[in-house]
Structures are given as structure tokens and as C-alpha cells.
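Kindly generate the complete structure, drawing on both the sequences and the hints.
2 protein chains.
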Amino acid sequence: MAEDIFKALADPTRRKILDELAERSGQTLFEICSRLSMKHQLGLSRQAISQHLAVLEAAGLVESRREGRYKFHDLNTAPLEHIAERWIRRDAPEDS
Amino acid sequence: MAEDIFKALADPTRRKILDELAERSGQTLFEICSRLSMKHQLGLSRQAISQHLAVLEAAGLVESRREGRYKFHDLNTAPLEHIAERWIRRDAPEDS
DNA sequence: ACTATAGGCAAGCACACACTTGCCTATCAA
DNA sequence: TTGATAGGCAAGTGTGTGCTTGCCTATAGT
Chain A
1 MAEDIFKALA DPTRRKILDE LAERSGQTLF EICSRLSMKH QLGLSRQAIS QHLAVLEAAG
61 LVESRREGRY KFHDLNTAPL EHIAERWIRR DAPEDS
Chain B
1 MAEDIFKALA DPTRRKILDE LAERSGQTLF EICSRLSMKH QLGLSRQAIS QHLAVLEAAG
61 LVESRREGRY KFHDLNTAPL EHIAERWIRR DAPEDS
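Here the protein sequences come in this chain order: A and B.
Last residue of the first sequence? That's 96 in this note's numbering, and every number before it is there in order.
Last residue of the second sequence? That's 96 in this note's numbering, and every number before it is there in order.
Keep in mind the hints are simulated off the structure, nothing from the lab.
Identical chains blur together in the list; that is why a pair holds if it fits in one copy or across any two.
Okay, derived cross-link-like pairs now, EDC-like style, lysine to aspartate or glutamate, Cα gap no bigger than 20 angstroms in a straight line:
1) LYS16 - ASP4
2) LYS7 - ASP19
3) LYS16 - GLU85
4) LYS7 - GLU85
Written out as C-alpha cells, the structure reads:
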């Protein structure tokens with residue numbers, strides 16, 4: 001549960017994938033690959049990205065839909081919403 | 001920076017240490033050890049916890065102060081505040 | 001002084017994990 | 001059907017890391 005989310009966020013490449021999907025949701029594996037190598041100089045193999053996407057999907061951070069031979073990946077930020085509330089006690093309201 | 005924080009949060013034992021410090025800040029290494037083994041059945045060595053605390057401190061999530069032969073550890077939730085805002089775009093206000 | 005407590009340092013081990021390579025399947029266009 | 005594109009599966013490799021063990025330092029009590 002939370003274990004999967006934190007493990008998924010632990011890797012810098014996976015965080016960049018989330019960045020990429022946040023900027024433009026609904027990309028295919030090849031799109032993510034090429035844009036990561038363009039913008040971030042990340043020369044990773046297609047399988048590496050594919051495995052990262054699997055981890056992100058297992059954590060619920062990425063959802064995928066298949067259309068023909070394309071598989072589109074969408075960002076899901078819902079699991080991130082209250083991830084740190086576990087330790088942040090607001091017994092003293094900060095402002096407002 | 002963010003790298004250290006996510007790596008620190010990736011380990012379940014470290015998250016339990018944060019839980020423990022959130023519940024009761026200012027504990028020593030031995031206190032954390034014994035309470036982890038009591039409440040969570042975590043029979044880890046003192047050095048294991050010490051190394052975890054070093055990782056948490058490097059991430060800025062834990063601060064320590066030395067007094068005599070005691071070293072007290074305090075939780076610092078500041079780095080956690082906006083950790084997920086990187087991906088959560090509020091271009092559409094959710095409610096309120 | 002001696003002893004016990006609180007903690008630090010460093011080497012070693014074993015497993016997890018990021019990444020690659022090679023091969024296979026499925027969809028679409030010619 | 002043939003070829004090209006988009007993707008999947010599985011085994012192998014190497015580094016990172018969580019944890020242990022053993023020894024050392026420092027503070028406090030007697």
C-alpha cells in the first residue's frame with residue numbers, strides 16, 4: 001500500500017517519468033523513452049522504462065489503457081494527496 | 001535534496017522511526033530501539049537503528065541534539081510539507 | 001580508580017533492485 | 001503475406017543497501 005508508493009517514488013528515473021506524465025498525460029512507452037532521453041539525457045533502454053512503469057502502476061500512480069497496439073499511460077496523483085499527513089500533525093494550525 | 005528525502009522514506013523501518021518520533025519527539029537511540037521492538041516486534045540491532053537515523057538526519061527529517069552522553073532525536077516535518085506538490089497541479093480546485 | 005551506560009566506526013554479508021540482452025507476441029500498413 | 005512498429009517476458013549481471021558483528025570512545029555513577 002504505502003509501501004508500494006514510497007518504493008515507487010524512491011527512484012529518480014521514476015520521479016522523472018511522473019514529471020513527464022504530469023506535463024503531458026497519456027503517453028506511450030516509446031514517447032516516454034524518447035522524451036526522457038531528449039530532455040533529461042537519460043539513455044535508458046525501452047525495457048528499463050517499461051519496468052519502471054510497472055512499478056508505478058503497481059503503486060497506483062500510473063494507470064494504463066490499451067488501444068490497438070498502443071498503450072497509453074496516465075498519471076494518477078490521488079495516492080500522493082495525503083502521503084505525508086501521517087507525520088504532519090496540525091494540532092497547531094499554521095496560518096489562515 | 002529531494003533525492004535524500006525520498007530515499008529516506010523508502011524504507012519501512014525508517015517510516016516507523018518517524019512514526020515513533022511523531023508520537024513522542026526527543027527520544028534517544030536506545031529508547032527508539034526498545035520501543036520499536038516492543039510495539040512493532042522489530043528486533044533490530046542498535047547499529048541498524050543508528051544507521052537509519054543517520055539517513056533520516058541527512059534528509060533533514062530528523063534533527064539531533066547532544067546533552068552529556070545522551071543524544072536526543074527530534075522529528076522535523078518541514079521537508080515533508082510540499083513533497084508531492086511537484087506532481088499535483090491544482091489548475092482545477094477540488095472543493096471548498 | 002573501576003564499571004556501566006550511551007553511542008560511534010568500520011568491515012563483511014546477503015539480498016534487493018535497476019538495467020541490459022535476447023527472444024517472442026500483437027497490431028497495422030504495404 | 002511480408003515487414004515495420006509497439007510492446008511483453010525472462011534470465012543474467014552488477015551495484016546499492018539494510019543489517020550484523022566486533023571493537024572503540026565518552027559520559028556518568030560508585
